[in-house]
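Protein chains: 2
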Amino acid sequence: MIEQDTISTPAGLRIIPLGGLGEIGLNMALFEYGDDIIVVDCGLMFPEPHMLGIDFVIPDIAYLRERADRVRGIFLTHGHEDHIGALPFVLQEISPPLYGTALTLGFVREKLKEFDLDGYVDLEVVKPRETVAAGTFEVEFIRVSHSIVDGCALAIRTPEGVVIHTGDFKIDHTPVDGELTDLATFARYGTEGVLALMADSTNVEREGFTLSERVVGEAFDEIFPRCPGRIIVAAFSSNIQRVQQAVDAAARCGRKVLLNGRSMVANVAIARQLGYLRIPDGILTDLKELPRLPKEEVCMITTGSQGEPMSSLARIAMDDHKQIKLEQGDTVILSSRFIPGNEKTISDLINHLYRRGAEVYHEKVSEVHVSGHASQEELKLILNLVKPRFFIPVHGEYRHLVKHARLAQMVGVPAERCLLAVNGDVISFRDERGGIADRVETGRVFIDGKGIGDVGEVVLKDRKHLSEDGMVVVIIAINQYTGEVIYGPDVVSRGFVFEDESQEYLDETKKIVLDTLAGMTIEARTDWGEVKQEVRRVLRRFFNKTIERRPVILPLILDM
Amino acid sequence: MIEQDTISTPAGLRIIPLGGLGEIGLNMALFEYGDDIIVVDCGLMFPEPHMLGIDFVIPDIAYLRERADRVRGIFLTHGHEDHIGALPFVLQEISPPLYGTALTLGFVREKLKEFDLDGYVDLEVVKPRETVAAGTFEVEFIRVSHSIVDGCALAIRTPEGVVIHTGDFKIDHTPVDGELTDLATFARYGTEGVLALMADSTNVEREGFTLSERVVGEAFDEIFPRCPGRIIVAAFSSNIQRVQQAVDAAARCGRKVLLNGRSMVANVAIARQLGYLRIPDGILTDLKELPRLPKEEVCMITTGSQGEPMSSLARIAMDDHKQIKLEQGDTVILSSRFIPGNEKTISDLINHLYRRGAEVYHEKVSEVHVSGHASQEELKLILNLVKPRFFIPVHGEYRHLVKHARLAQMVGVPAERCLLAVNGDVISFRDERGGIADRVETGRVFIDGKGIGDVGEVVLKDRKHLSEDGMVVVIIAINQYTGEVIYGPDVVSRGFVFEDESQEYLDETKKIVLDTLAGMTIEARTDWGEVKQEVRRVLRRFFNKTIERRPVILPLILDM
Numbered sequence: 001m002i003e004q005d006t007i008s009t010p011a012g013l014r015i016i017p018l019g020g021l022g023e024i025g026l027n028m029a030l031f032e033y034g035d036d037i038i039v040v041d042c043g044l045m046f047p048e049p050h051m052l053g054i055d056f057v058i059p060d061i062a063y064l065r066e067r068a069d070r071v072r073g074i075f076l077t078h079g080h081e082d083h084i085g086a087l088p089f090v091l092q093e094i095s096p097p098l099y100g101t102a103l104t105l106g107f108v109r110e111k112l113k114e115f116d117l118d119g120y121v122d123l124e125v126v127k128p129r130e131t132v133a134a135g136t137f138e139v140e141f142i143r144v145s146h147s148i149v150d151g152c153a154l155a156i157r158t159p160e161g162v163v164i165h166t167g168d169f170k171i172d173h174t175p176v177d178g179e180l181t182d183l184a185t186f187a188r189y190g191t192e193g194v195l196a197l198m199a200d201s202t203n204v205e206r207e208g209f210t211l212s213e214r215v216v217g218e219a220f221d222e223i224f225p226r227c228p229g230r231i232i233v234a235a236f237s238s239n240i241q242r243v244q245q246a247v248d249a250a251a252r253c254g255r256k257v258l259l260n261g262r263s264m265v266a267n268v269a270i271a272r273q274l275g276y277l278r279i280p281d282g283i284l285t286d287l288k289e290l291p292r293l294p295k296e297e298v299c300m301i302t303t304g305s306q307g308e309p310m311s312s313l314a315r316i317a318m319d320d321h322k323q324i325k326l327e328q329g330d331t332v333i334l335s336s337r338f339i340p341g342n343e344k345t346i347s348d349l350i351n352h353l354y355r356r357g358a359e360v361y362h363e364k365v366s367e368v369h370v371s372g373h374a375s376q377e378e379l380k381l382i383l384n385l386v387k388p389r390f391f392i393p394v395h396g397e398y399r400h401l402v403k404h405a406r407l408a409q410m411v412g413v414p415a416e417r418c419l420l421a422v423n424g425d426v427i428s429f430r431d432e433r434g435g436i437a438d439r440v441e442t443g444r445v446f447i448d449g450k451g452i453g454d455v456g457e458v459v460l461k462d463r464k465h466l467s468e469d470g471m472v473v474v475i476i477a478i479n480q481y482t483g484e485v486i487y488g489p490d491v492v493s494r495g496f497v498f499e500d501e502s503q504e505y506l507d508e509t510k511k512i513v514l515d516t517l518a519g520m521t522i523e524a525r526t527d528w529g530e531v532k533q534e535v536r537r538v539l540r541r542f543f544n545k546t547i548e549r550r551p552v553i554l555p556l557i558l559d560m
Numbered sequence: 001m002i003e004q005d006t007i008s009t010p011a012g013l014r015i016i017p018l019g020g021l022g023e024i025g026l027n028m029a030l031f032e033y034g035d036d037i038i039v040v041d042c043g044l045m046f047p048e049p050h051m052l053g054i055d056f057v058i059p060d061i062a063y064l065r066e067r068a069d070r071v072r073g074i075f076l077t078h079g080h081e082d083h084i085g086a087l088p089f090v091l092q093e094i095s096p097p098l099y100g101t102a103l104t105l106g107f108v109r110e111k112l113k114e115f116d117l118d119g120y121v122d123l124e125v126v127k128p129r130e131t132v133a134a135g136t137f138e139v140e141f142i143r144v145s146h147s148i149v150d151g152c153a154l155a156i157r158t159p160e161g162v163v164i165h166t167g168d169f170k171i172d173h174t175p176v177d178g179e180l181t182d183l184a185t186f187a188r189y190g191t192e193g194v195l196a197l198m199a200d201s202t203n204v205e206r207e208g209f210t211l212s213e214r215v216v217g218e219a220f221d222e223i224f225p226r227c228p229g230r231i232i233v234a235a236f237s238s239n240i241q242r243v244q245q246a247v248d249a250a251a252r253c254g255r256k257v258l259l260n261g262r263s264m265v266a267n268v269a270i271a272r273q274l275g276y277l278r279i280p281d282g283i284l285t286d287l288k289e290l291p292r293l294p295k296e297e298v299c300m301i302t303t304g305s306q307g308e309p310m311s312s313l314a315r316i317a318m319d320d321h322k323q324i325k326l327e328q329g330d331t332v333i334l335s336s337r338f339i340p341g342n343e344k345t346i347s348d349l350i351n352h353l354y355r356r357g358a359e360v361y362h363e364k365v366s367e368v369h370v371s372g373h374a375s376q377e378e379l380k381l382i383l384n385l386v387k388p389r390f391f392i393p394v395h396g397e398y399r400h401l402v403k404h405a406r407l408a409q410m411v412g413v414p415a416e417r418c419l420l421a422v423n424g425d426v427i428s429f430r431d432e433r434g435g436i437a438d439r440v441e442t443g444r445v446f447i448d449g450k451g452i453g454d455v456g457e458v459v460l461k462d463r464k465h466l467s468e469d470g471m472v473v474v475i476i477a478i479n480q481y482t483g484e485v486i487y488g489p490d491v492v493s494r495g496f497v498f499e500d501e502s503q504e505y506l507d508e509t510k511k512i513v514l515d516t517l518a519g520m521t522i523e524a525r526t527d528w529g530e531v532k533q534e535v536r537r538v539l540r541r542f543f544n545k546t547i548e549r550r551p552v553i554l555p556l557i558l559d560m
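So the sequence lines, in the order shown, correspond to chains B and G.
Mapping to UniProt numbering: the first sequence position 166 is 166, numbers consecutive.
Mapping to UniProt numbering: the second sequence position 75 is 75, numbers consecutive.
Hint data in this document are derived by calculation from the structure and do not stem from the laboratory.
Incorrect hints may have been included.
Put simply, identical chains are the same to the list, so a pair is met inside one copy or across any two.
[Stated by the list, open to error] Computed cross-link-like contacts, BS3-like style, restricted to lysine-lysine with a CA-CA straight-line distance of at most 25 angstroms:
hint	residue 1	residue 2
1	K464	K450
2	K461	K450
3	K545	K325
4	K532	K510
5	K111	K545
6	K510	K450
7	K387	K295
8	K344	K464
9	K344	K364
10	K256	K344
11	K532	K127
My request is simple: use the sequences and hints to build the entire structure.
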């Protein structure tokens, strides 16, 4: 731990994105002025395929850790995992109050309970158009519509001017919960003058406007009455409006609603308790009733829309579920996005559902999903309402940030005031001037089980190597004075070749090791480093030549 | 090897798909009548992500192997890997003549050379509208357009009637090479009467018509003149029409063409030699000239469009290429499909190209790629021209086959004559009746390096397990009479935890193993099976409790 007083107090306003710029996920940005820091969002990312065995990825908060006593609050725009998911890890190191709307904090509380952190954290519920003071900052929450209810943008008033952070948003003129994106407040700040706008870049490649969430309800109303058998709707459990629409469509067809999936049950309970979800009396039915319900009265709402192998939807598709066996006439609606990287898994899921005889609707063939992010025309609208002096595209892969900066230039922000920052850049503002002034240490921290950050590049590289051609362990005991082989070589492999059929091959491997040792001088043979290197070299060549594989070769020389 | 004469001669016509039904890839079907068998296509599949370390997947040809002497020929519809890629492996077991068009066999010959099989195989070039007799079968080749030139459908005349196999096709009314899908021949067979149609289901989910290949040339002509710097076009090297259009567009802008990628160089050479590709004099330039060429005169045509990590396009994107360093003003055109499963890798590639300052065009934002497969209206057209008695959807995932069968019903094929077969089903026809009558052994064979089929489920499961949490090897030498620990325990890990920082943790692991051994009776301690099981059990619990990981635990007990 660095001594706090050795850390200088910077001049002007500094905005430092720690995650979310150049990637979708782990959104986190900090605002620093004098001795005050506030944080916007604290998200995680689900691992990419090459991050073998990793459970979550969170931003590296080294910069924040060293300034823990200056953090005046964490402001949460909404309750998605890529905005709140890193909290249980980050709150083990810093413990400022958390500010967010009721549902956002409802989801946060549930998460903190899982990690036994509930009760240790100060959760402050804020309503849209309310303002919170935190050190020198004043933060107003501005309602936005998104694929989760109770989302907000933030207007952050600083001594250098107002910065608006959109959070994740779209402009839905007919939202299911009636909560419109508060364009008037954006306009008010625009009239007053805004130093900088940080805006969601996710859908910057899409032309036009994003469709209203209500379109999905209309699709449900078209599909549901045509379904002769059971209906299964798979959606993200945080998408409360989506759940509401599935419930309403079920009610209109006289179907019971059964909830499936741990997070679906938990989030529906939270949303109902806080008044964000209205389920008509008598319609909600326990999953245990499923076998007794007539098929045409069943509407299951479930998680597992990404084809997660352990989810119950995947088990249903593989005909490996206790309570439900799909049949001809049943219908599955995947009411969610094909998240990039999951396309193949979801496609496999759909094929299995067809094998079971079910009909499947998904976003590629039907309007059973709409995005929660603004498309080009909405992004232009916000830019024109807010009229920021500076523009900082956030929440996107690198190409999204580039294209969002171009869009801002199209509506009149000068190129030199479109700041294309990446994680760790220090965006500095002083006296109406601004730019990327510095960099701080940043990066990704891998979480594997309970371990935080102990899985680094070396471990991942080893896992990748192991995954490709497996591992061969060679055990030899050598007398450290005479160089005589006392034991072995024993050869054991995993993930390399069929072990029961390849005894001959492993015997040949042993012989090669013995021959190699025999060809070495006594000096070399009593130098374990030398022996290991030679065994590796010879076997690498042997495996490559005979079967073109490159397993991890682990020679173990026993001191005896 | 089963004795040939124990294998019965079946009655009627039997069609047995060995691959490609219920999956995209490894297309292979056999036709059997009396003692004669012919094979249509012989493709491979590239491995899915869960097939760790696998290079290729090919169909299991057990059924064919046992009837090797009855195989009268392998008929190839076109030269894509999923139709010819398994040949080098299959031809090691059976060696009938191969029939195909000139370019198809040109690509096959190149492939056989790689495996030192060239010269051992009888390659018979066939032209469209020519007919080949093979045993009791007569096979006419019918020109079709596709994303490779010189593709054909097959009309297979059998004693039970004519079966038409479309191969991969689209109906391109303005093909770049002028070779139209030969609708007249399809119609002629339709008029005569067709027993069964087997048709490409890839694009059955797409409404309307697939765009003409020429659209891509128009997109090139629009983009090329606007590019201030270098142009890099990434495409599949087998897509000769695409290469032709890139060459033509380059020529019109006064750019030199540089070919990059081993298969691009090879396939262009084959196509030029056979007259399928016309490159104007003086335009083709060696890659070594690249550093000396003015930027606005460069058009590189390269492989690597799927973001393959070792391809030179990936290295260019990572700024790790010897001859080329991208700059602002350079343009990359990904002129190919985002193959399902590769989306994330391609998306990462695009982001890196933007980081280098390049502009990127791809199929999601521009018409720089069109599909080679027929959409719904084209599929209906072929069905109506051929008017088959039976319909068998092929070349598709399971949902595609289901939807293609429905499409056939829409145009009038009775439901009971739409045969929804999967790999290994025996589709039997006799006296105008037909149906799925039987099943034969089938499956997928994994190729890893030189090994054919020696990587099975156990090895893959081990690789997956290794990839997730790595491996912990525990070495102990125990006196087999006294149960005394003579050596160790030594603990070595790979892909598990940071080794340099976790000595303490591994020491604790050793202590637990010692304590476990101390707590065992002498009888148990001298029973290696018992010791291994106990060490595994105790460590599994320890790792799970302390860091929630589940590595492969490999206890090695040395006999001493």
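Against the structure, the hints:
no. : hint           : in the structure
1   : K464 with K450 : both (21 angstroms within a copy, 20 angstroms between copies)
2   : K461 with K450 : both (20 angstroms within a copy, 24 angstroms between copies)
3   : K545 with K325 : neither (50 angstroms within a copy, 36 angstroms between copies)
4   : K532 with K510 : both (14 angstroms within a copy, 23 angstroms between copies)
5   : K111 with K545 : between (52 angstroms within a copy, 20 angstroms between copies)
6   : K510 with K450 : between (39 angstroms within a copy, 21 angstroms between copies)
7   : K387 with K295 : neither (55 angstroms within a copy, 38 angstroms between copies)
8   : K344 with K464 : both (20 angstroms within a copy, 18 angstroms between copies)
9   : K344 with K364 : both (14 angstroms within a copy, 18 angstroms between copies)
10  : K256 with K344 : neither (32 angstroms within a copy, 38 angstroms between copies)
11  : K532 with K127 : neither (65 angstroms within a copy, 60 angstroms between copies)
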